[in-house]
Amino acid sequence: MASARRTTDASDTSARAGNTGPRGGLPMYAQLFALFRQRIENGVWPLNECIPSLDELMEEFDVGRVTVRHALGMLEAEGLIGRFRGRGTFVTARPQSNIWYRIPMNWDELTGPQPDIEVEWLESHECAQPPASVHAGAALGESYQALKRRLLRHHIPYGIGHTYIEKNVYAAFGADVLAKPIPLKILDARLPGGVGHAEQTVRASVADLDTARLLDLTSGAPVIQVTRSVLDRDGVLVYESLGIFRGDFVEIHTDLK
Numbered sequence: 019m020a021s022a023r024r025t026t027d028a029s030d031t032s033a034r035a036g037n038t039g040p041r042g043g044l045p046m047y048a049q050l051f052a053l054f055r056q057r058i059e060n061g062v063w064p065l066n067e068c069i070p071s072l073d074e075l076m077e078e079f080d081v082g083r084v085t086v087r088h089a090l091g092m093l094e095a096e097g098l099i100g101r102f103r104g105r106g107t108f109v110t111a112r113p114q115s116n117i118w119y120r121i122p123m124n125w126d127e128l129t130g131p132q133p134d135i136e137v138e139w140l141e142s143h144e145c146a147q148p149p150a151s152v153h154a155g156a157a158l159g160e161s162y163q164a165l166k167r168r169l170l171r172h173h174i175p176y177g178i179g180h181t182y183i184e185k186n187v188y189a190a191f192g193a194d195v196l197a198k199p200i201p202l203k204i205l206d207a208r209l210p211g212g213v214g215h216a217e218q219t220v221r222a223s224v225a226d227l228d229t230a231r232l233l234d235l236t237s238g239a240p241v242i243q244v245t246r247s248v249l250d251r252d253g254v255l256v257y258e259s260l261g262i263f264r265g266d267f268v269e270i271h272t273d274l275k
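Take the sequence shown: its letters are residues 19 to 275, numbered as in the numbering used here.
Hints are computed from structural coordinates only; laboratory data are not their basis. Predicted model only: the values in this text are computed from it and were never measured. Treat the hints with caution; some may be incorrect.
Claimed, not checked - Dumping the calculated DMTMM-like pairs for lysine to aspartate or glutamate here, alpha-carbon to alpha-carbon at most 20 Å: (1) K166 with E136; (2) K185 with D228; (3) K166 with D194; (4) K166 with D234; (5) K203 with E127; (6) K166 with D134; (7) K166 with D226; (8) K185 with E144; (9) K203 with D134; (10) K203 with D126; (11) K166 with D228; (12) K166 with E144; (13) K275 with D126; (14) K185 with D126; (15) K203 with E217; (16) K203 with E138; (17) K185 with D206; (18) K203 with E136; (19) K166 with E141; (20) K166 with E138; (21) K275 with E127.
Let the hints inform the model, and build the full structure from the sequences given.
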């Protein structure tokens, strides 16, 4: 079979540009991994066909052999490519999930099965209240547990989560919350009296210095902010979170009809 033809699109250009493209400060091997994965997902590198050789990829992106090998190794570990002696490297599967974050658009999606992600817990401390509750009609609890975590896929940081949980709720199942990537799944199942109201706001923004550092971005790079508020049956704010995600790893999908 013929080797896949070289293509150039906006994503390819950003990868060749090193750390100056939309993926900010991501290591070059991670940029290439994301790009190669996208080529497979979009059919640029078709299933069961040979991809360009190591030397061709080194020349195309002006990078060293180790960098390309690292990116291809990540694809192979995910089961997307296979190397066959004397024949080359072939696409063996299409990605089963997106590397970017698909923002849940309803409660069932939000509390349903979640993809495998890595969580790094960065902070945990008590505070009087969330810094700025989005839900103006909510009554505030006495105090809140503030949590900060970094989310990663394939060891690539893609999101920062700032979470505030009412202190009595946190005291009831704090350890379980810390053990799960998505605390809302625990909250939905075990909140006394059940959830009364929940809402979500999605907005575009840019990375501040702290976010840029944690997500390997340049300051001012595009990010997506997702704020969630959950009230109990008495109208008390029991949970609020601000998720900040790399703009290049986020997708919003809605069935319109």
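**Asked** Which of the stated hints cannot be reconciled with the structure, identified by number in ascending sequence?
**Response** 2, 14
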